[in-house]
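Visitor: Here's the letter readout for the chains.
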Amino acid sequence: MSFPILSLLLAVPVLGAIACLFVDDATARRVALITTLVDLALGVVLWVGYDPAGAQWQFVENAPVFGRFAWALGIDGIAMLLIVLTVFLMPICILASWESITKRVPEYMACFLVMETLLLGVFMAQDIFLFYLFFEAGLIPMYLIIGIWGGARRIYASYKFFLYTLLGSILMLIAMLWMVNEAGTTYVPELMAHDFPVHAQTWLFLAFFASFAVKMPMWPVHTWLPDAHVEAPTAGSVILAGVMLKLAGYGFIRYSLPMFPEASSQFFWLVMGLSMIAVVYTSLVALVQTDMKKLIAYSSVAHMAFVTIGLFTFNRQGLEGAMMVMLGHGLVSGALFLCVGVVYDRLHTREIARYGGLVENMPKYAFFFLLFTMASVGLPGTSNFVGEFLSLLGAYHANSWVAFVATTGVILGATYALYLYARVVYGPLDKPDVAAMLDLSPREVAMLLPIGIIVIWMGVYPESFIAPMRADVGRVIARIERAAPPSDARPTAGHPAPAGHAANNVAAHGEAH
Amino acid sequence: MIQLLVFLPLLAAIVAGLGGRIIGNVPAKAVTTASLFISCALAWPIFLGYLSGSSEAQVAHVLTWIVSGDLKVDWALRVDTLTAVMLVVVTTVSALVHLYSWGYMAEDPSQPRFFAYLSLFTFAMLMLVTSDNLVQMFFGWEGVGLASYLLIGFWYHKPSANAAAIKAFVVNRVGDFGFSLGIFGTFLVFGTVSIPAILEAAPGMAGSTIGFLGYRVDTMTLLCLLLFVGAMGKSAQLGLHTWLPDAMEGPTPVSALIHAATMVTAGVFMVCRLSPMFETSHAALTVVTYVGAATALFAATVGTTQTDIKRVIAYSTCSQLGYMFFAAGVGAYGAAMFHLFTHAFFKALLFLGAGSVIHAMHHEQDMRFYGGLRKSIPWTFAAMTAGTLAITGVGIIDVFGFAGFYSKDAIIESAYASATQAGGIAFFVGIFAALLTSFYSWRLVFLTFFGTPRWAASEHIQHAVHDAHGHGHDHDHDHGHAQHQQDADHVAPDEGAGHEPTAHDPGAEDVVHGTAGYHPHESPIPMMIPLGVLSLGAIFAGFVFAGAFVGADAGEHFWKGAIAFNEHLVHASHEVPLWVKLSPGIVMLIGLLTAWMAYIRDPSIPGRFTATFRGLYSFLLHKWYWDELYDFVFVKPAFAIGRFLWKRGDQGTIDRFGPDGISWVVSATGAAARRLQSGYVYTYALVMLLGLAGLATWAMVR
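Taken in order, these protein sequences are the chains called A and B. Residue 114 in UniProt numbering sits at position 114 of the first sequence; the count goes up by one each step and never skips. Residue 11 in UniProt numbering sits at position 11 of the second sequence; the count goes up by one each step and never skips.
Keep in mind the hints are simulated off the structure, nothing from the lab. Incorrect hints may appear among the rest.
[Claimed, not checked] Reference listing, derived: stretches of chain B covered by chain A, where coverage requires no fewer than 3 residues with Cβ under 8 Å from a Cβ of chain A:
{"no.": "1", "region": "55-68"}
{"no.": "2", "region": "165-179"}
{"no.": "3", "region": "197-208"}
{"no.": "4", "region": "303-314"}
[Said to hold, decoys possible] Just some of the chain B residues that point at chain A, by a computed CB distance under 10 Å:
{"no.": "5", "residue": "Val-135"}
{"no.": "6", "residue": "Pro-577"}
{"no.": "7", "residue": "Trp-579"}
{"no.": "8", "residue": "Val-580"}
{"no.": "9", "residue": "Lys-581"}
{"no.": "10", "residue": "Phe-609"}
{"no.": "11", "residue": "Asp-655"}
[Unchecked claim] Computed Cβ-Cβ distance ranges for the label pairs, DEER-style:
{"no.": "12", "chain 1": "A", "residue 1": "Thr-185", "chain 2": "B", "residue 2": "Leu-63", "range": "43 to 49 Å"}
{"no.": "13", "chain 1": "A", "residue 1": "Leu-270", "chain 2": "B", "residue 2": "His-557", "range": "55 to 61 Å"}
{"no.": "14", "chain 1": "B", "residue 1": "Arg-648", "chain 2": "A", "residue 2": "Pro-64", "range": "50 to 56 Å"}
{"no.": "15", "chain 1": "A", "residue 1": "Val-198", "chain 2": "B", "residue 2": "Thr-64", "range": "39 to 45 Å"}
Here a beta-carbon is modelled for each residue, glycine too, at the ideal position from N, C-alpha and C.
With the sequences and hints as input, model every part of the structure.
Guide: Take a look at the structure:
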């Protein structure tokens with residue numbers, strides 16, 4: 001396509017950010033909203049224009065900058081879906097900040113818009129260094145948002161956030177330099193097709209893993225996330241949970257798996273082991289939290305473990321499930337943070353025990369909160385079910401232990417989520433200040449309703465979301481299946497008393513997986 | 001047609017749920033109730049079509065759902081004989097419960113919400129029974145779980161109701177954990193989740209082995225048992241039963257619809273739906289038999305000691321579900337489904353009758369404060385009696401019997417006729433449980449409707465009398481009840497016995513007698529019509545439909561392969577020795593007689609009995625200490641471990657040796673730390689990244 005729509009998607013927020021810096025608070029809000037809505041419109045154009053049956057890379061742009069470094073953009077179905085998720089959540093974040101941010105509004109809005117550009121860039125970049133730049137630079141606005149507009153312990157939180165991500169970044173950069181030297185190109189599609197020596201893959205994988213595991217976040221490098229969420233303003237949490245946690249998942253599916261298939265297989269148990277621990281460990285920790293945001297943050301760690309599990313199953317259901325969890329979790333955890341923000345704006349506390357009985361005076365709020373809570377526990381008919389189901393189904397194909405341990409997450413997840421909901425929304429409405437809280441304003445409904453609709457849409461007709469990624473997941477599978485670790489669950493052929501012809505077909509199928 | 005039948009309740013639920021505040025109470029109630037009656041009117045012709053043998057199984061495709069590689073899942077509505085049976089059960093009871101709720105919930109402030117939940121439940125249940133694949137069944141499965149959660153916690157200001165709602169959802173999730181793994185395993189083995197395809201391929205996998213958690217096990221046994229764990233959760237079988245008695249926190253119409261007639265039978269439905277699959281694993285069927293028999297016995301024993309009228313019926317439900325399971329376990333799926341069918345009518349009747357009693361007694365649920373009510377509420381008494389005659393299986397062989405007479409006896413005879421060890425044990429357990437069933441059922445009737453009034457000691461009655469004398473009726477619908485429940489710790493076993501800390505059995509002399517001047521009234525017409533209709537079901541459902549469900553020849557013709565119909569077993573069950581046929585009737589009479597002795601003839605017997613067998617009584621009153629056990633083994637440790645991992649794991653280890661440790665090292669070694677911690681971290685980060693970018697660029701152009 002000749003029209004540089006990807007560059008335009010990146011340029012619009014930057015222009016909006018610059019404009020924000022020169023206007024007053026009220027105008028800055030409006031400029032930011034319009035800017036993000038324009039990007040949303042462009043995102044929809046992208047989705048509609050994307051041809052699932054077409055070439056692997058679409059909307060490609062390539063302009064040499066200097067040396068080997070090129071402004072190379074292009075997307076496949078996987079990237080397209082994450083781009084659409086990003087541009088969808090951004091206007092909602094601006095709305096969420098509409099009244100709660102009163103300090104240095106233009107700078108705040110500019111920060112958000114710049115962050116949008118950087119996050120979108122991660123999904124579009126086809127030059128490995130361009131990817132690195134976007135990937136790392138995207139964190140800077142987030143440091144600023146937490147550090148300037150955050151809560152009481154914001155310095156500690158942003159420091160922790162920074163410290164964790166630093167080490168991984170350096171290792172990843174060194175690995176990238178080595179890879180470019182080895183393969184002789186910085187172009188990502190070529191790197192994806194390059195067969196790195198198996199012994200080198202081990203180290204390259206670990207270097208990338210150091211960065212991705214932190215951003216995912218995987219146990220035990222997850223402890224920055226609860227602090228970052230607690231201190232971040234609502235919109236910051238939404239983007240953090242909704243998009244930033246997806247960068248690492250994208251990294252795995254775009255870089256680690258296709259570039260280092262043998263190493264990915266070699267470290268199957270590392271990834272699965274950490275993910276299995278994460279599911280159980282963080283779910284139990286979530287259960288005892290007294291701070292709403294911390295609870296949801298810990299639940300995010302558990303949910304992201306479903307992503308890593310799905311990605312390393314080496315089969316289609318697992319990979320597509322992982323992608324669906326990413327999209328679903330992006331929406332649902334974002335919405336849950338918005339729900340926390342709604343009551344935080346009214347009472348200025350996240351202490352669960354301070355609430356109770358909200359269904360009485362805030363029925364609309366109770367409805368949305370319930371919808372997203374149920375989506376979060378993976379109720380069929382909502383977005384997260386599709387992802388979790390496929391991911392765990394794939395996990396069973398890969399290994400029955402992984403499926404067994406990870407599926408306990410659906411029990412634990414229901415426990416902490418419903419326990420949270422019951423303490424906040426149900427129970428007697430006996431606190432005067434809680435009873436005085438007003439139900440959702442139209443602005444707040446405008447934030448939650450679109451997410452709610454898409455959560456149901458994804459749950460009832462996920463085909464809209466799976467179809468664009470189908471071919472691309474197939475390409476990843478084609479790349480990695482040669483290295484797939486053996487499954488422990490292979491059934492043998494049956495030997496029924498009266499010889500049935502069905503048995504042979506079935507057995508043949510069983511072997512194929 | 002089937003689309004309309006299934007989706008109309010969903011539509012009504014949306015209208016009433018989201019629009020209830022706009023359109024008002026009466027339209028919301030009318031929309032939901034009307035939609036259910038339409039669905040019901042559509043369901044009966046379908047059922048009659050199968051009954052007459054003129055209809056064939058069919059599938060209506062609705063929409064593609066999930067497609068991922070070989071996994072193809074559609075939204076589709078399957079109708080065959082098995083579905084048709086469930087359709088009439090679900091829509092009939094649901095329609096009647098909707099109607100009943102017009103009266104029962106008349107004072108409640110959030111009626112549209114209640115009716116919306118009821119209709120939502122019905123929709124989910126219909127999706128479950130019409131599913132053509134395991135994943136849609138799981139959708140319905142969890143959907144009814146959601147509706148059940150919402151309805152148990154309907155009176156959300158009661159902490160006990162919230163706790164019960166969460167408990168129901170989480171315990172069901174334990175079952176769903178097994179169900180999920182069962183689906184995953186089934187797809188692994190068969191490469192499909194389509195039920196007909198699985199059932200066709202299942203016999204071919206008999207004898208196959210599969211790896212599971214390091215062991216090699218029989219494939220079909222593993223799959224069946226995993227799926228059966230799901231059935232155990234939903235149908236409250238021993239081990240996963242603890243949520244069902246607590247679910248009685250929900251309004252009584254909910255108990256009738258969800259926790260008696262429909263949702264809790266989903267497990268039985270599942271086993272019957274997948275019966276050709278279960279038939280391939282003898283081991284799995286044996287487990288089903290033992291679990292069912294154990295539940296039937298356990299719940300019946302506990303039922304004899306409970307004093308809350310709803311809890312007695314809840315344990316009774318649990319016990320009857322056990323009967324259905326061991327019927328399925330011995331291969332008598334027709335008998336299992338028949339009992340499911342008749343049980344739906346008489347158990348819904350008993351619950352709605354209990355609701356009518358509770359309504360008349362101003363929300364008092366403790367039978368120790370009932371007594372002598374047959375004169376005040378004669379129609380309710382008649383309906384409850386019909387229900388009790390049905391559940392205890394009163395009837396004369398080859399002449400006429402109430403519903404349970406046909407279905408329960410078919411189960412007991414099949415167990416005997418199966419000639420397996422498990423079947424033999426199940427037979428004797430079934431006979432003994434029938435004795436207990438008769439005892440606790442008649443105990444309920446005698447305590448409630450006979451003897452002298454013992455109303456004066458009831459707080460609810462005192463409230464009512466007090467209100468009637470000068471004070472306005474200004475409290476909530478269930479205000480008194482909420483107070484009453486808050487007194488007792490919601491996990492404590494004595495919750496049914498809130499009035500007296502030392503729960504004496506009813507009939508003990510220290511109960512205050514008298515009416516306190518209270519006059520119970522018969523319930524309004526909308527509540528009485530369902531009682532009447534269900535009474536007809538309780539009286540005639542067995543007699544009319546026995547041939548089709550469990551007849552030797554007609555059964556084959558009726559089921560048309562929808563379940564694994566074992567014609568040989570059916571024949572054998574019709575030819576059991578006479579003593580086997582007579583045993584259920586004899587134990588029923590013994591139970592009746594015992595109850596009559598203990599609660600009418602000499603009311604001091606229960607007190608003396610409990611004093612003599614204090615240990616046994618306490619064991620039963622505390623429901624075999626399951627709740628205490630689970631609290632000790634799962635609930636408390638989960639919180640303790642969570643706290644430990646958080647404080648000692650995250651904060652004490654990871655943070656201490658991770659970021660905090662690094663920070664400490666840095667601050668101990670240099671001044672850089674002060675800059676770091678005084679807000680320069682952003683500048684630092686920016687410089688760092690720009691530096692790295694520069695480095696990268698340099699490396700490239702070099």
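Visitor: Hints first: check each against the structure and report whether it holds.
Guide: Verification of the hints:
{"no.": "1", "hint": "55-68", "result": "holds (count 6)"}
{"no.": "2", "hint": "165-179", "result": "holds (count 8)"}
{"no.": "3", "hint": "197-208", "result": "holds (count 8)"}
{"no.": "4", "hint": "303-314", "result": "violated (count 0)"}
{"no.": "5", "hint": "Val-135", "result": "holds (7 Å)"}
{"no.": "6", "hint": "Pro-577", "result": "violated (31 Å)"}
{"no.": "7", "hint": "Trp-579", "result": "violated (35 Å)"}
{"no.": "8", "hint": "Val-580", "result": "violated (30 Å)"}
{"no.": "9", "hint": "Lys-581", "result": "violated (33 Å)"}
{"no.": "10", "hint": "Phe-609", "result": "violated (40 Å)"}
{"no.": "11", "hint": "Asp-655", "result": "holds (5 Å)"}
{"no.": "12", "hint": "A/Thr-185 - B/Leu-63: 43 to 49 Å", "result": "holds (45 Å)"}
{"no.": "13", "hint": "A/Leu-270 - B/His-557: 55 to 61 Å", "result": "holds (60 Å)"}
{"no.": "14", "hint": "B/Arg-648 - A/Pro-64: 50 to 56 Å", "result": "holds (54 Å)"}
{"no.": "15", "hint": "A/Val-198 - B/Thr-64: 39 to 45 Å", "result": "holds (41 Å)"}
Hint check: violations occur at hints 4, 6, 7, 8, 9 and 10; the rest are consistent with the structure.
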